[in-house]
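With chain A's structure known, arrange chains B, C, D, E and F on it following the hints.
Chains as they are written, first to last, in numbering that gives the first Met the number 0: chain A, 0 to 340; chain B, 0 to 340; chain C, 0 to 340; chain D, 0 to 340; chain E, 0 to 340; chain F, 0 to 340.
Read the hints as simulated data drawn from the structure, not as lab findings. A couple of the hints might just be wrong.
Stated by the list, open to error - Cut-off 30 Å, straight-line C-alpha distance, at most; resulting in silico cross-link-like pairs (DSS-like, lysine-lysine):
1) B:141 to D:169
2) D:141 to B:141
3) F:141 to C:169
4) F:154 to F:141
5) D:169 to F:141
6) A:141 to E:141
7) F:141 to C:141
8) C:1 to E:1
9) D:331 to E:1
10) D:169 to A:1
11) E:1 to E:141
Claimed, not checked - Some chain D residues flagged as far from chain A (calculated, every beta-carbon gap over 10 Å):
12) 0
13) 70
14) 82
15) 99
16) 100
17) 102
18) 111
19) 120
20) 126
21) 140
22) 174
23) 177
24) 248
25) 259
26) 338
Please read these numbers as outputs of a predicted model, since none were measured by experiment. Ideal placement from N, C-alpha and C gives every residue a C-beta, glycine not left out.
Listed below are the residues making up each chain.
There are 6 protein chains.
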Amino acid sequence: MKVVTFGELMLRLSPPGFERLLQSPALVATFGGGEANVAVSLAQFGLESQYVTRFPSNAIGEAAVRALRAEGVRTDFIARGGSRLGIYFTETGASQRASTVLYDRAHSAISEIPADAIDWDRVMNAAAWFHVTGITPALGDKAAAATRAAIAAAKRAGARISVDLNYRRKLWTEAQALATMGPLMRDVDVVIANEEDLQSVLGVEVEGVDVTSGTLDVGGYRRAAERVTREFGPALVAITLRESLSASDNGWSAVLWDGGSGTLHRSQHYAVRLVDRIGGGDSFAAGLIYGLATGRAHDAALRFAVAASALKQTIPGDFNRVSVAEVDALAKGDASGRVQR
Amino acid sequence: MKVVTFGELMLRLSPPGFERLLQSPALVATFGGGEANVAVSLAQFGLESQYVTRFPSNAIGEAAVRALRAEGVRTDFIARGGSRLGIYFTETGASQRASTVLYDRAHSAISEIPADAIDWDRVMNAAAWFHVTGITPALGDKAAAATRAAIAAAKRAGARISVDLNYRRKLWTEAQALATMGPLMRDVDVVIANEEDLQSVLGVEVEGVDVTSGTLDVGGYRRAAERVTREFGPALVAITLRESLSASDNGWSAVLWDGGSGTLHRSQHYAVRLVDRIGGGDSFAAGLIYGLATGRAHDAALRFAVAASALKQTIPGDFNRVSVAEVDALAKGDASGRVQR
Amino acid sequence: MKVVTFGELMLRLSPPGFERLLQSPALVATFGGGEANVAVSLAQFGLESQYVTRFPSNAIGEAAVRALRAEGVRTDFIARGGSRLGIYFTETGASQRASTVLYDRAHSAISEIPADAIDWDRVMNAAAWFHVTGITPALGDKAAAATRAAIAAAKRAGARISVDLNYRRKLWTEAQALATMGPLMRDVDVVIANEEDLQSVLGVEVEGVDVTSGTLDVGGYRRAAERVTREFGPALVAITLRESLSASDNGWSAVLWDGGSGTLHRSQHYAVRLVDRIGGGDSFAAGLIYGLATGRAHDAALRFAVAASALKQTIPGDFNRVSVAEVDALAKGDASGRVQR
Amino acid sequence: MKVVTFGELMLRLSPPGFERLLQSPALVATFGGGEANVAVSLAQFGLESQYVTRFPSNAIGEAAVRALRAEGVRTDFIARGGSRLGIYFTETGASQRASTVLYDRAHSAISEIPADAIDWDRVMNAAAWFHVTGITPALGDKAAAATRAAIAAAKRAGARISVDLNYRRKLWTEAQALATMGPLMRDVDVVIANEEDLQSVLGVEVEGVDVTSGTLDVGGYRRAAERVTREFGPALVAITLRESLSASDNGWSAVLWDGGSGTLHRSQHYAVRLVDRIGGGDSFAAGLIYGLATGRAHDAALRFAVAASALKQTIPGDFNRVSVAEVDALAKGDASGRVQR
Amino acid sequence: MKVVTFGELMLRLSPPGFERLLQSPALVATFGGGEANVAVSLAQFGLESQYVTRFPSNAIGEAAVRALRAEGVRTDFIARGGSRLGIYFTETGASQRASTVLYDRAHSAISEIPADAIDWDRVMNAAAWFHVTGITPALGDKAAAATRAAIAAAKRAGARISVDLNYRRKLWTEAQALATMGPLMRDVDVVIANEEDLQSVLGVEVEGVDVTSGTLDVGGYRRAAERVTREFGPALVAITLRESLSASDNGWSAVLWDGGSGTLHRSQHYAVRLVDRIGGGDSFAAGLIYGLATGRAHDAALRFAVAASALKQTIPGDFNRVSVAEVDALAKGDASGRVQR
Amino acid sequence: MKVVTFGELMLRLSPPGFERLLQSPALVATFGGGEANVAVSLAQFGLESQYVTRFPSNAIGEAAVRALRAEGVRTDFIARGGSRLGIYFTETGASQRASTVLYDRAHSAISEIPADAIDWDRVMNAAAWFHVTGITPALGDKAAAATRAAIAAAKRAGARISVDLNYRRKLWTEAQALATMGPLMRDVDVVIANEEDLQSVLGVEVEGVDVTSGTLDVGGYRRAAERVTREFGPALVAITLRESLSASDNGWSAVLWDGGSGTLHRSQHYAVRLVDRIGGGDSFAAGLIYGLATGRAHDAALRFAVAASALKQTIPGDFNRVSVAEVDALAKGDASGRVQR
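Bound-form chain A, shown alone:
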């Protein structure tokens, strides 16, 4: 089964352990990016995962290709050109000290992608699913145009389409986000978001939620999801619920609204001791896409997605290095962490 993703992969640079940036003259250098993280998960889950982006023709671009290929992601349609790969620096927080992300992504190859760089109909040929996040159109006019072209081609090819709203305050305003993302929603089958994204991108407030304290009111989520379906179109709305107790400990769960049947599915809940929470939302999206695309029931797909993303948050780096069997083992209930010999 072929799944296509489109977005920005960046070089990720992190200090060792819990150090602050450049406290020591060493950086852990990996790669990450919203859709790429989804692509890697889907490849690990055994699907044919085609990732589309634009890389510069230099040693960093080559290394990015190598990183994707290693994980089994297909790189056939990656365009080459532009001057640089975006970079982001990240510190791992602990306890009361928050993790930080510092972007150096302006002028990246994908943000300057020409209109004719990708032959979208060829890319989408026989694709069962297309996934993109709200980050990609926020990279600039050219990336937004490419996103629109990709969605249109996916639609023509009969692929299902998911969008993770992923609002990035540094890239655009809420007004700009709504103006761009709103119209795209018509063609979208599944919207993925957290409560802040819903508010910032679609202007849909989740009532009764206090992000900092982690207080949750399921009713608020249902009403918000209903509004998304009613006002913007997508039948499925998945919302992740992160209780930020500290930079070391988070609660983690999600709901999935099925506008067709009017059902709100609520997932299992995990108390996660965080190793690396970057990419947590992407691993949820990938789990959900995998579950839905392979025909699992809505509640089972949700359960799989939450288990997958709990595991991700215990693994260093953006990528979720787990198999379907490992996710299923957790989803089926063994969260004891007993040694597997």
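Relative to the frame of chain A, chains B, C, D, E and F by itself:
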């Protein structure tokens, strides 16, 4: 006081931190193995600790000798020969993600140990204690024969004998385990096990225990221990109780059944934030042997064993790098972790 | 605003992660010391931070200067001479295993500081604050004499003076501490201590406190602080309250007694997942000095100090690598640790 | 252009820098193996490089697939099964101290490859070239049978066939090597070897060569190559000439005998400061295959091969991480090592 | 003595040892840049070294300030603003494999420096020397304007002025370079270059030099230097002579033309086993500036400069971590490398 | 065969690779010391190697014991007490930059060794050889007294005695050295030295040698050795000849004067590419002791010693990690460094 142990030492290869295997091109390379871990603890506690095994005559075998010698273990009776040292790969889990152990131990030097490789009566001369685990006879017919020969010689030498059942599903079936281990029990003074080992090796079920949830019923442990004494012979039965809350947090305690007086001693309980739980059971066995061999009362020996093994689980690697003084400080009650200046 | 500190900076050598000393042939090499840690914090907070000490004229002394200069500390008045820089080895504990500190500081350059090495009136010129700990006079007669000279000059210059009692059992007896520190108190404006320091240095017991269990009685702190003001002179007495639940988890808060108004301020409380607690007390002192010296109200200064020191305990190394903005963000209430993008 | 290779990929474990094995508890973990190294080079050079082997179905096998895929090697036909991946340990020597290789490869998955594990005709479909080394049939009867089947299928498919003799004393005797390799030569187009391989595998002595001193007599190489063509069949015989001045410095060049025209081509010569010479011969083979398969003249192909393998010996790990452009730049004459900005 | 430098400091990211970029997921992260390297050297030599640049107001900019401050460089006049710090990636070559430098410096803070960002007259107040390279004006119109303003202010302040031509093909054409740099030469006292820079920036060819082979003709250097003085103005012209034998071994020496007396000084010659040649030219410039600024004779200053830069090339990173005493020891003739105890 | 050595073992701290001290916050931590290095070599060569010293009773002293025990050195007679272990910092130089050693050894446990700490007659019981260097008596009066007592006891026990003169300028003057070492020579069988030691300790000049340039005149060595035998007594005098071409490349050879037969043996010569030259002289002493103690002829023992010490200089750390077989292979002539598979 001379203590003898016999078993397999392996090269242990682990990825750095919480990474998955070969996520980075680096492995932490140490050594570990059930009886060797006990031998190291006992040497650190100041006993004359003789470890018997078979190593190949190559650079890896030499490094294994160096690792043991560094910790003060006597290597006088280690046989040389065979083609390879066993290897095991281990990942450190976190939260909902379990730690994993992947064995590459087939055809190891000890599994092919010739019948005449060790002069067991010379080894056991003046020994006060002999310890072996259920892993060693599971390595194959030759290792099982050597185990029987060792126990017989220990008996002749008047040494007390302890066995840690340590069932390994990858090495043999439950039926094979019972057929081999059952008869050995006659000569054993102290049996050490967790509830799964009792079931798998001796067919003795511990009722009222749910491993995954960590629910414990002391009565079940008493009944199981009584059965071991009654049906198999050993007067002392120590059972460790691990509550696997997650791969990051475990509850840890133990009971010691004294068949002679019909007493069940229950230890203190620790909530352990795990650093490395591999070798936890071995450090318990070593603590118990040390306590009993040096004449401490049963409940004090049990208390020492549980404190020793709690400390082990906070130290990277298989070996328990603590002194008697450090264990006693914890056993006497200061679990506050205040800085020792 | 110019702040002066005086004390011993040492080379700090630690094994990687949770290893015990020299388990691997590698040491993390940084620098640390009570007053130097305060000096670094104050420089990071934007004050003109002059650190006074004595360094040997060799590559290690040069590296110490580099480390201070990097953090923005002014090194203009550091004397050169003597034969060595003090060293301390530290292990990071976990769970039931305590962190350890092993000193190799005898015969350090500062412990042999000649009477004329520092022109204290020049140093204190225009200084707004002077800070020293009880460690410095404990280093020996010469260091004690220098401490007295520094305090006298600070007084002449009109600087406010703070002392962190910091009792070190390895350096002197309680009787010696009282004989030296007691008379100094007359010139001190702010005393900083924990309950053990009060008892050991000034003979002032805090009643109703059980250090190991973490039981706290605020009334006891009030009475102890009142006694310090009454018997020794300082109007402000800050006491840190550490609940040592384990080597991994501590409770952290503080009180500030204002002898002038007869008010006891009690701070917010943090449950800290420890990364590195060495330097925690120093970061509290720096936070308090910053708050008081820049004119914040007593309760706000206390709040800032506790937030600053909670953050420190999540950062490897002695130094508190945080900005005023980061401390204020936590002090204002966001302890959720959400990712800062 | 499709090129197929077949052989054993092993986990390669090396101590850091110039350390001896397990001097520190750390190993650099990469992958390597004769044909796999060729496959990686050819993928880097832009050919469609299909590598065939057998991997165990476990985390180490998965990591091996990831390593190959990262470099662009196609893994479509890799069989899964067996119990382990072979391992080799290697130390990097310096000056008078030789590099060492210690194999732990017995019982590897490929050595136990079933006769029907690979559908060779499907593998060879449309292949332009097939390459194998003398190591693969030396792994045991099953691997030898698979090698024969592969060569037969390659022949049927019209692919050109190259063999690197690569004698391994630990795997078989010279008599065994000749009995197996001799008959295979009939179907081989290009033989690659050094003077020791020619002697040990085919019994063809190169006269006038003193391996240790590095004395070379071109006439001896010509006569030996002529004999290979005459007695065994292959028209092209490439012989690498390594002058082992020390473990740090080698001379490096090669000759190519064209039996068709009776011409001996002699390459350029490099004085190589070694970084990692493991894989040097494989990178030569890959360079030669690339040159010949893409239609370069014999002398140009030889020149390319020697330049490629000189570069390999300056790069850590078995794999030759260079592009055609980089090799051509060196082959065209710029060996100055000036910084490329 | 106050010396001012102005230019771009970049984050330098390098793989460990001789690896190629991102062969492992680790980068060594330091800082470097032409003028900054000079500034660090001069600070190490004991001068008051003021470095002027523009840094973004983020964690990377802070780390850059820390790196400079650590080495004793004064950062008082560094402007803050812009969006990013330039980055460069560098691989360390060996033998026939060249070192590489890959720039990601477009849109850096300094390349967008506003005209009023620096108060140049305040900066140059009491300065004895100003140094800049040809890289800075090549960064763009704003940086070129700032360079012109800096030179004009230096002239007004009576400082001597040196320029290292440092041609960068990726930043501008030879025609652009001449158009910008030619007019600046009028105010310059000392020009520093290699033979390629003279050709590319000033159009002055050094005859009789074959860069790749390392053949040198002193007469050609004399004639080229004379032309620079005659046609462009600067009285002193220093030319470095690098014989690139390989990426591991270089010959290193220099000449200094004194247009006033019509003398060509030729330096000592070193055969350098390279550790890190990046920054070699900058360390030469710094040595020459130090020698000339502190009143050493021309030949002694040249000798000091060549010794300083030979040492630099044995030290990892851009910065030359040596003292005047260490340089003088080498310049006086002891190149034996005997252990200094 | 039992060999006894007595001296100071220190903690050795080195920056990674070619970095200067504390350029990065990391130190490689091993152990080394003249006699300990000899003891390790002899243990590796298979002799019973008893090392005597005094260690503090702390974690660093424990780690030192572990390091010795790992290498097979017997630690039965090591005294415990005193306050610290000596430390030395060392940088690895390259090319024109010298390696450096910075000592922090004052007040070490052994320098304060009480007169009754060691029962020397028990230590020397059945010893065949005793070895000490000139460093040990230079540590202070107590260490000198212990050295005298050790030599006297060795003499009583009939052991042969060797002394490596090893002059340390930082520890004593030449006059002090002669006053202490001269009288000891009467009981010494073998003196080991380089030409500087002979001059500084015994006042015996080697004529015709220019240390820096590496010019050697064998006649001068013969005359100097003859004088040592004639004036001080020892029949055998071994002198190592190091040609310091640079910090990267040294020539290495030695002579052995046999005063009994009036023969000067001259060794083979190696051009050594240095990895770590610290401990080179000690590995020579160990090789010579091994050769002589096991009854090899004088010229063969010398050849073995020079080969052993050439290998040492290619291995990181003070210890010479080679076997007798490896040394013999080199001594017999294969210096080609070809890979050992």
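Of the hints given before, which are not true for this structure? When the structure is compared with the hints, numbers 5, 9, 10, 13 turn out to be violated.
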